[in-house]
Structures are given as structure tokens and as C-alpha cells.
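> The residues making up each chain are set out below.
2 protein chains.
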Amino acid sequence: MTEASNDSSIPQDAQRREDLQRITALVQHSLNNPLAALLAEAQLLGMETLDPEHRAAVDRMTELVRRLITLVRDLDSKVSDRTFPR
Amino acid sequence: MTEASNDSSIPQDAQRREDLQRITALVQHSLNNPLAALLAEAQLLGMETLDPEHRAAVDRMTELVRRLITLVRDLDSKVSDRTFPR
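As they're listed, the protein sequences go chains Z and R.
One point on numbering: in my numbering, the residue at position 64 of the first sequence is 64, and numbering is uninterrupted.
One point on numbering: in my numbering, the residue at position 57 of the second sequence is 57, and numbering is uninterrupted.
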């Protein structure tokens, strides 16, 4: 550390970082199971013989679930970047 | 307020509450659109003529998406309760 203009900000930042980590972990923990169940359902349905337009709908749903899983997985860095801009 | 044992904790709590609100808003903003798109796909597919087991799969997916939407909507209070236990 090359400067410390405000000593009291250091423990406060530590507290905020701990909050952020705890919150993102809580969010991820809440959403991961239903998202995994949803992906499994979509993938199993996608293995069935389906009408072409039904298959297209299942493919779009599978893609949306994958996007949600990626969003939830990457929440840590997104939240951290917004809170502590570099 | 009937007591204030530590004055410095008040602005810090305000900062933490602001963080929590900002983070939950960010999470909700990120997830709401794909979840709404997913619910629309599942509901439209559920209106089609489907084999019974395919319909059952679509019904389970619709239910999982509704659960996710509720989880995301209620994140504010969940996160707040964990951070500031009553």
C-alpha cells in the first residue's frame, strides 16, 4: 500500500467485501439447485423425439438456462467490480 | 432510536444497507429478463399438444422457473435478514 488517506476506510472496506462475498454466496446457493434441475429437465426433454417447433422451443429454453447459470456463476466479479471500481 | 452504543456504526450500517440494496437490484436486473423469457417459453410450450410425459416435464420446468422468479424477487428481504438479524 502506497497511501492511506483515511485509515478508518480500511476495516470498512474489509466489512463491505465480506458482505459482498456472503451475499453472492447466498444468492448462488439459493439459485444453483433449481437452475441445475431446470437444465437437467431441458436436456432430457431435448433427447426426446419432438416436433421441430417444440424442439426449437426446448433448445431456446436450454440456452436461456445456460445463460442464467453463467450469470449466477459470474456474480462475484460483477458485484465486486461495481462496488469497488478499478 | 433508544440507544446508540457506537456512533460510528451508524454511517457504516447505512453504507452496508446501501450496498445490499444495490447488489440485490443488480442481481434482479441481471436475472429478470432471462427468467421472464424462460417462463414465456415454458408456458407457450405447455399450450401445445404434447405426449403426457413431455407435458409433465414442461410442467416441472414451469414450476422451477416460477420458484426461481420468487427466489429472485424475495432476495432483498432474505439478504437483509441475514446481514442484519432481528
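These are computed hints drawn from the structure, not numbers from a lab.
Keep in mind it's a predicted model, so treat the numbers as computed, not measured.
One or more hints might be untrue.
[As the list claims (entries may be wrong)] What the simulated footprint calls covered on chain Z by chain R, stretch by stretch (three residues with Cβ under 8 Å from a Cβ of chain R suffice, anywhere in the stretch; the number is not a length):
{"#": "1", "region": "22-31"}
{"#": "2", "region": "34-41"}
{"#": "3", "region": "55-65"}
{"#": "4", "region": "74-85"}
[Unchecked claim] Partial pick of chain R residues on the chain Z-facing surface, computed with a CB cut under 8 Å:
{"#": "5", "residue": "ASP13"}
{"#": "6", "residue": "GLY46"}
{"#": "7", "residue": "MET47"}
{"#": "8", "residue": "HIS54"}
{"#": "9", "residue": "VAL65"}
{"#": "10", "residue": "ILE69"}
Cβ atoms here follow ideal geometry from the backbone N, Cα and C, with glycine treated the same way.
> Next, verify each hint and record whether it holds.
Hint by hint, here is what the structure shows:
Against chain R, the region 22-31 of chain Z contributes 7 residues with a C-beta closer than 8 Å to a partner C-beta. That satisfies the three-residue criterion, and the hint holds. With 5 residues having a beta carbon nearer than 8 Å to a beta carbon of chain R, the region 34-41 of chain Z meets the requirement of three or more and the stated coverage holds. Interface restraint, the region 55-65 of chain Z with chain R: holds (6 residues with C-beta to C-beta distance below 8 Å; minimum three). For the region 74-85 of chain Z, the assignment as covered by chain R holds, since 5 residues bring a beta-carbon within under 8 Å of that chain's beta-carbons and 3 suffice.
The beta carbon of R:ASP13 comes no nearer than 10 Å to any beta carbon in chain Z, farther than 8 Å, and the hint placing it at the interface is violated. Taken as an interface hint, R:GLY46 does not check out: its beta carbon lies about 10 Å from the nearest beta carbon of chain Z, beyond 8 Å. The closest approach between the C-beta of R:MET47 and any C-beta of chain Z is roughly 11 Å, which is over the 8 Å cut-off, so the hint fails. For the restraint placing R:HIS54 at the interface with chain Z, the shortest Cβ-Cβ distance is roughly 6 Å, inside the 8 Å limit, so the hint holds.
For R:VAL65, the suggested interface contact is upheld, since its CB lies about 7 Å from the closest CB of chain Z, less than 8 Å. Residue-level restraint check for R:ILE69 is violated (minimum Cβ-Cβ distance to chain Z is 10 Å; threshold 8 Å).
Checked against the numbered hints above, the structure breaks hints 5, 6, 7, 10 and satisfies the rest.
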